[in-house]
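**Q** In case you want the letters, here they are:
There are 2 protein chains.
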Amino acid sequence: MENQAADLIVKMNVAMWDGQNKKFAELIEKLTEEQLLNETAPNRNTGIYLLGHIVAVSDDLFRLFDLGEKMFPDYLEIFIKSPDKSNKTFPSIEELKSAYYTVTKKLANQFEKYSTQDWLSKHEAVSEEDFAKEPTRNKLNVLISRTVHLANHLGQMAYLNN
Amino acid sequence: MENQAADLIVKMNVAMWDGQNKKFAELIEKLTEEQLLNETAPNRNTGIYLLGHIVAVSDDLFRLFDLGEKMFPDYLEIFIKSPDKSNKTFPSIEELKSAYYTVTKKLANQFEKYSTQDWLSKHEAVSEEDFAKEPTRNKLNVLISRTVHLANHLGQMAYLNN
Chain A
707 MENQAADLIV
717 KMNVAMWDGQ
727 NKKFAELIEK
737 LTEEQLLNET
747 APNRNTGIYL
757 LGHIVAVSDD
767 LFRLFDLGEK
777 MFPDYLEIFI
787 KSPDKSNKTF
797 PSIEELKSAY
807 YTVTKKLANQ
817 FEKYSTQDWL
827 SKHEAVSEED
837 FAKEPTRNKL
847 NVLISRTVHL
857 ANHLGQMAYL
867 NN
Chain B
707 MENQAADLIV
717 KMNVAMWDGQ
727 NKKFAELIEK
737 LTEEQLLNET
747 APNRNTGIYL
757 LGHIVAVSDD
767 LFRLFDLGEK
777 MFPDYLEIFI
787 KSPDKSNKTF
797 PSIEELKSAY
807 YTVTKKLANQ
817 FEKYSTQDWL
827 SKHEAVSEED
837 FAKEPTRNKL
847 NVLISRTVHL
857 ANHLGQMAYL
867 NN
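One line per chain: the protein sequences are A and B, in this order. Just so you know, the first sequence maps onto residues 707 to 868 in the numbering used here. Just so you know, the second sequence maps onto residues 707 to 868 in the numbering used here.
Treat the hints with care, since some could be wrong.
As the list makes no split between identical chains, a pair holds if one copy fits it or if it spans any two.
Lysine to aspartate or glutamate pairs mimicking DMTMM-like chemistry, simulated, CA-CA at most 25 Å apart [unchecked claim]:
| no. | residue 1 | residue 2 |
| --- | --- | --- |
| 1 | K729 | E840 |
| 2 | K812 | E732 |
| 3 | K717 | E835 |
| 4 | K839 | E818 |
| 5 | K736 | D772 |
| 6 | K794 | E745 |
These are calculated hints, taken from the structure and not from any lab test.
Just need the whole structure built from these sequences, with the hints factored in.
**A** Quick look at the structure:
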């Protein structure tokens, strides 16, 4: 066992993140522009909003993992701080899809280089002091939480598909 | 690091499973019977079907983890092998909620006793031979996958809430 066990579990968690992103990519490729503009259910978030929301949440990982600046800083206001139908102008679906691939690919490149120790190091939203008390507040736990967040919205976006 | 790292990551994954179940329990308590009988979106699964589906999928873990017999074996046919609106008779919402709590609690009691080594041992649906080649086919990976599955349907069931 020893560290081998930890390496194995990290690999499983990163594979689940990659797997949910693969499903997301397949879904946004399968859906037409018209479908993505629709609401996922009556009076619920549209596909385009959820697409932008997922990009914005993933893009925030660069800051949270101290990997550099956000690639699409404007998305925070439009897709996280504001609800859908806020009358804010959305980027086009082509732009959003391209942003999704850019962010996901750049994150994947960084994650490939992470050791288990990197994954278990603290993220930027927790102080050294709190992290000493709660070592679960690490980067891997953020990734696990984002995987579940993505799965949550994937279930909703699946409703756009006829 | 050593095994401590693996123990920590197991704890994070089990906490995420518990957390999604807590959200699920909160949602089914908040929703009225009438809301649970509704479709989550037009022509999509009803709340009651998804509730039964989640119970059936969790109940299947007893078999997969060699923890004994299914508690609600009939649910397999109704909520996994058959789609919603199959004309099969569903148990009442009260029965399904009670079944959900019974299964989830019994699983939690078993999971409390699991060591990291138990979590990383093979599940019942993989052969010794295949497991030797693919050590990620372990119990923890099943739990991670079931957590994401639950999150997926939670996103849909949230649409029942006004």
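**Q** Hints first: check each against the structure and report whether it holds.
**A** Checked hints:
1. K729 <-> E840: between (32 Å within a copy, 22 Å between copies)
2. K812 <-> E732: Classified as within; 18 Å inside a copy, 37 Å across copies.
3. K717 <-> E835: between (28 Å within a copy, 21 Å between copies)
4. K839 <-> E818: Classified as between; 22 Å across copies, 28 Å inside a copy.
5. K736 <-> D772: Close neither inside one copy (34 Å) nor across copies (39 Å); limit 25 Å.
6. K794 <-> E745: within (16 Å within a copy, 31 Å between copies)
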